[in-house]
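As they're listed, the protein sequences go chains A and B.
In terms of the numbering used here, the first sequence opens at residue 1 and continues consecutively.
In terms of the numbering used here, the second sequence opens at residue 107 and continues consecutively.
Hints may contain errors.
Selected chain B positions facing chain A (Cβ under 10 Å, derived; list incomplete) [to be verified]: (1) L130; (2) H137; (3) E139; (4) Q140.
In silico lysine-lysine, DSS-like type, Cα no more than 27 Å apart, as pairs [claimed, not checked]: (5) B/K116 / A/K79; (6) B/K692 / B/K771; (7) B/K116 / A/K56; (8) A/K78 / A/K28; (9) A/K78 / B/K116.
Rather than coming from a laboratory, the hints here were simulated on the basis of the structure.
The C-beta atom is built at its ideal place from N, Cα and C for all residues, glycine as well.
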Amino acid sequence: MPGTLDMLILMTLTRAPLHGYAIAQSIKRISDDVLTVEEGSLYPALQRLLLQGWVKAEWRRTDTNRRARFYTLTAAGKKRLGLEVSQFRQVVAAIGRVLEDVEEAG
Amino acid sequence: MSTVTSMLRKLALLFRRGQFGQELDEEMAFHQEQMERELREQGKTREEARYAAMRTFGNTERMRERSHDAIGFSMETVAQDVRFSLRQMKRNPGFAVTAVLVLTMGIAASTAIFGFVDAALIRPLPYAQPSQLVVLYETTTMGKRYHLSYLDYLDWKRENTVFQSIDLYTPSGFTLKTPDGLQAVTGSGVTAGFFRELGVVPAIGRDFRPVDDQASAPRTVLLSYSTWQTRYGGRKDVLGQTVVLDGNPNEIVGVLPQSFHFAPAEPAEFWTTARASDQCEKMRGCKNFFGVARLKPGVSFQAAFADIQTIAEQLAREYPDANQNRGAYMMALTEVIVGDTRPILLALLGGAALLLLIAAVNVASLLLVRSESRRREMAVRGALGASPVRLVRQFVTEGLTLVAVASVLGLAAACGVMQLPVLLIPKDMLAKMPYIEGLGLNLHIVLFVCGVFLATGAIFSLIPALRHFPGDLREALTSGGRSFAGVAWRRLGANLVVVELTVAMVLLAGAGLLGKSFYRLLHSAIGLEPDHLATLQVSAEGLAYAKDAQQIQLQREIQEKVSQMPGVQSVAFTDSLPLGDGDGAKNYWVVGRPYHGEQNEVLDRDVSYGYFSTIEAPLLRGRSFREDEDESMPLVAVINQQMAQRYFPGENPLRQQIYGQGDEKHHIEIVGVVNDIQEGQLDAAPGPAVYLPFRQHPSNGFAVVVRTRQDADAMLSLMTAAVHGIDPGLATYDPITMQQRIHDSPATYLHRSSAYLVGGFAALALMLGIIGLYGVVSYSVSQRTREIGVRMALGAERATVHRMVLREAARLTLVGLAAGIVCAIGAAALMRSLLFGVQPWDLATLAGVSAVLGSFALLASYLPARRAARVNPADALRAE
Numbered sequence: 001m002p003g004t005l006d007m008l009i010l011m012t013l014t015r016a017p018l019h020g021y022a023i024a025q026s027i028k029r030i031s032d033d034v035l036t037v038e039e040g041s042l043y044p045a046l047q048r049l050l051l052q053g054w055v056k057a058e059w060r061r062t063d064t065n066r067r068a069r070f071y072t073l074t075a076a077g078k079k080r081l082g083l084e085v086s087q088f089r090q091v092v093a094a095i096g097r098v099l100e101d102v103e104e105a106g
Numbered sequence: 107m108s109t110v111t112s113m114l115r116k117l118a119l120l121f122r123r124g125q126f127g128q129e130l131d132e133e134m135a136f137h138q139e140q141m142e143r144e145l146r147e148q149g150k151t152r153e154e155a156r157y158a159a160m161r162t163f164g165n166t167e168r169m170r171e172r173s174h175d176a177i178g179f180s181m182e183t184v185a186q187d188v189r190f191s192l193r194q195m196k197r198n199p200g201f202a203v204t205a206v207l208v209l210t211m212g213i214a215a216s217t218a219i220f221g222f223v224d225a226a227l228i229r230p231l232p233y234a235q236p237s238q239l240v241v242l243y244e245t246t247t248m249g250k251r252y253h254l255s256y257l258d259y260l261d262w263k264r265e266n267t268v269f270q271s272i273d274l275y276t277p278s279g280f281t282l283k284t285p286d287g288l289q290a291v292t293g294s295g296v297t298a299g300f301f302r303e304l305g306v307v308p309a310i311g312r313d314f315r316p317v318d319d320q321a322s323a324p325r326t327v328l329l330s331y332s333t334w335q336t337r338y339g340g341r342k343d344v345l346g347q348t349v350v351l352d353g354n355p356n357e358i359v360g361v362l363p364q365s366f367h368f369a370p371a372e373p374a375e376f377w378t379t380a381r382a383s384d385q386c387e388k389m390r391g392c393k394n395f396f397g398v399a400r401l402k403p404g405v406s407f408q409a410a411f412a413d414i415q416t417i418a419e420q421l422a423r424e425y426p427d428a429n430q431n432r433g434a435y436m437m438a439l440t441e442v443i444v445g446d447t448r449p450i451l452l453a454l455l456g457g458a459a460l461l462l463l464i465a466a467v468n469v470a471s472l473l474l475v476r477s478e479s480r481r482r483e484m485a486v487r488g489a490l491g492a493s494p495v496r497l498v499r500q501f502v503t504e505g506l507t508l509v510a511v512a513s514v515l516g517l518a519a520a521c522g523v524m525q526l527p528v529l530l531i532p533k534d535m536l537a538k539m540p541y542i543e544g545l546g547l548n549l550h551i552v553l554f555v556c557g558v559f560l561a562t563g564a565i566f567s568l569i570p571a572l573r574h575f576p577g578d579l580r581e582a583l584t585s586g587g588r589s590f591a592g593v594a595w596r597r598l599g600a601n602l603v604v605v606e607l608t609v610a611m612v613l614l615a616g617a618g619l620l621g622k623s624f625y626r627l628l629h630s631a632i633g634l635e636p637d638h639l640a641t642l643q644v645s646a647e648g649l650a651y652a653k654d655a656q657q658i659q660l661q662r663e664i665q666e667k668v669s670q671m672p673g674v675q676s677v678a679f680t681d682s683l684p685l686g687d688g689d690g691a692k693n694y695w696v697v698g699r700p701y702h703g704e705q706n707e708v709l710d711r712d713v714s715y716g717y718f719s720t721i722e723a724p725l726l727r728g729r730s731f732r733e734d735e736d737e738s739m740p741l742v743a744v745i746n747q748q749m750a751q752r753y754f755p756g757e758n759p760l761r762q763q764i765y766g767q768g769d770e771k772h773h774i775e776i777v778g779v780v781n782d783i784q785e786g787q788l789d790a791a792p793g794p795a796v797y798l799p800f801r802q803h804p805s806n807g808f809a810v811v812v813r814t815r816q817d818a819d820a821m822l823s824l825m826t827a828a829v830h831g832i833d834p835g836l837a838t839y840d841p842i843t844m845q846q847r848i849h850d851s852p853a854t855y856l857h858r859s860s861a862y863l864v865g866g867f868a869a870l871a872l873m874l875g876i877i878g879l880y881g882v883v884s885y886s887v888s889q890r891t892r893e894i895g896v897r898m899a900l901g902a903e904r905a906t907v908h909r910m911v912l913r914e915a916a917r918l919t920l921v922g923l924a925a926g927i928v929c930a931i932g933a934a935a936l937m938r939s940l941l942f943g944v945q946p947w948d949l950a951t952l953a954g955v956s957a958v959l960g961s962f963a964l965l966a967s968y969l970p971a972r973r974a975a976r977v978n979p980a981d982a983l984r985a986e
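Based on the sequences and whatever the hints tell you, model everything.
Shown next, in the form of structure tokens:
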């Protein structure tokens, strides 16, 4: 679904600042490998979020002492996340109702 | 989040593109590394891990592009496309230069001609509501546009019910008193309301007041803007100054605006009032004026015309002495000023549009040829992830970049070309086309170029984009593109090329014939040596020069004074310079021959002794005039060869006697025969002429002819000064060298301008025809690469392939040439009046032109033929 990736990224960043690879891994792990983030979509999405001002980026050292760009959720990003989550819930609920309806009919 | 801040962030990033790219690369590299490490931890080898990571990571290029898209402006990718197009052009300069050149020529030609059309037909005349203005004439049995008299004007003005106002103008000349003596200047007389009627307000000072043209009013004058600038240095204090015109003091009351012109009365430096005080204005039969009137609002042209016709009929009945057979005639002022040029200009504009269309189609076919070779590039770029929209946009951008470059160059070239008429057209003719002055870059022309840019740009972008619509990328990769569209295009192209070559042939032949005519004209025998000859006309008015002796004395003084000037070889006089209008004929008869009322018109010239030697006209028999040959001596004449042949065939003309019409008592003895001197225009047939000694036939107006050792140009102002040194009251005019006189003469102008114009179009047509041929042959070769490969694989020799391609080109060329020659002879016959000393079927010209066209065509087809012969069969077949 369009916009879902943005929401997932913002969600993973609520706990701690992460770099791109960690964001992808985190989404994959939490969703029990159901959701995989394509690298080809991840970075353009991150640039979009940066531009909107929903995340901040800074270069830091990792545990292994490698330089990496860490993304942090901003206040505006938190607000945005709230909005997206509530919208997403509405959509999911709606789809659920449609599915139930179809199953009952079937 | 507001779009404004997002925009600002984008802007900030715009200046850190390099850093952005680096950071993105580093980030992605880190990502890949992490992936690799994890894979290795799962037990893969280093090598395996790396490839797996790369595979998972995917197309980094596309990712980078999309990240760029996210932060970039859409304009920025356009800039990228433009940069790419420019790189493409650089890599393939031959194509780029050809395409830009062809387009530039097409755009320059059409823009320049549009400039004229704009100046003459579109830009409004510099008057208030010019469509209401009409010019009034009287008709006579000889024609429609003749003068009316002042008294007719008063009646028309009183009786009509259709005009807001009627005024008069009469083009005339004045003598102007200057510190250096009298000078002949141009001017016009107008009634006091003339400028108010046109809606023209002086730039400085005031207009004529309604009473200014009354007999008792003090004389006033308005200056043209250029006169104010050149004669008075643009100073404001000219107002109130006095100028003496024709001996009458006139007060300068104003200066006309720079934009003002009134072609029917131009050239005019001084505008004075036409006043009722002069003799002519009191006689109905003295027709000296043209009328200009403004229609009342709501009155139609026809109604007004009918009204003044009725008035004119009444006047004809009332005053049969003066007005019998005279009616009224009326034309719109716009029609009077630009009427003659409209069909010529529109024809030229049509021609230029056709040229531009051909140029556009040619370049489009070149683009197609090139896009054939880029078929794979497109497919590869598509496979690597370039989006279809982006690929189409790339084509569009390439087309537009080409047209943009060509438009700018074309506009610049057009501005240059538009300066040409000012240089090519003699001043007198230019004065009748005042709208050409100030021809140059303006908003209309820029808009026109923008329009051309959009139209051509559309053609260019669409053709290759449609051809390569990347929706069926795979098809493009697999098929050889032998589509119906390709074949249709080839056929259309081939027909078009034949037409182009035909047109080129016609224009080339025309240009060749006109060029040859022009050459013949300039090298025609004029019977004199024009180099280092300076001429000046002198007019001695007034009582001091009324008697013959005074006129002879004046000439003697001028001769003495000018002879002493440095560098002067000899000085002579004539009443009428050679290469003039060829007018001034009189009937002469031979004494002792029976007269049967036949007309024997011969040119009659009064020249000083030393005239023939000064202009270096060779004397064939007898002698020239002697210095002391005046009234006291027997009358003598020198005749030209034409006259000797016509009047005295097989006889010795010397010592024969002739007499002029109305002068039967005075017999003139022929003392010499001079080689024919061209008295008329360069292209006129030589006629018989009689030269008489000035001192036996003096007059108060003559031309001074000076042969110098130095630059004749430098002599002109010195001669004027010398004449005024003798008497500042002498009027001098037309200081000009003989070479300039030849250059400026109407015949030279006519032949030169037609040769240049047709030559210019011919060069363009040749260029376009050849490039069209190249495009069509190349396209056909690129389409047939596979066929050629198969032929070669089956054993065809390279030479055979070469011949095959050349044969196709030769067929097109020959058809074009043949059609061209037929049409060229027909066209040349139509423009026979422009040819001089050349026949329309001049073999040398036709052969030469065919050779030029043929060899260019050969060159144009040789290149693609060579490319075809170099096709490697294996490559050609694999390319599919």
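Here is how each hint holds up against the structure:
1. L130: holds (7 Å)
2. H137: holds (5 Å)
3. E139: Hint on B/E139: holds, closest Cβ of chain A at ~8 Å, below 10 Å.
4. Q140: holds (4 Å)
5. B/K116 / A/K79: Given pair B/K116, A/K79 holds - Cα atoms ~22 Å apart, limit 27 Å.
6. B/K692 / B/K771: Holds: B/K692 and B/K771 sit about 16 Å apart, inside 27 Å.
7. B/K116 / A/K56: Status holds; Cα separation ~15 Å.
8. A/K78 / A/K28: holds (22 Å)
9. A/K78 / B/K116: holds (22 Å)
When the structure is compared with the earlier hints, no violation turns up for any of them.
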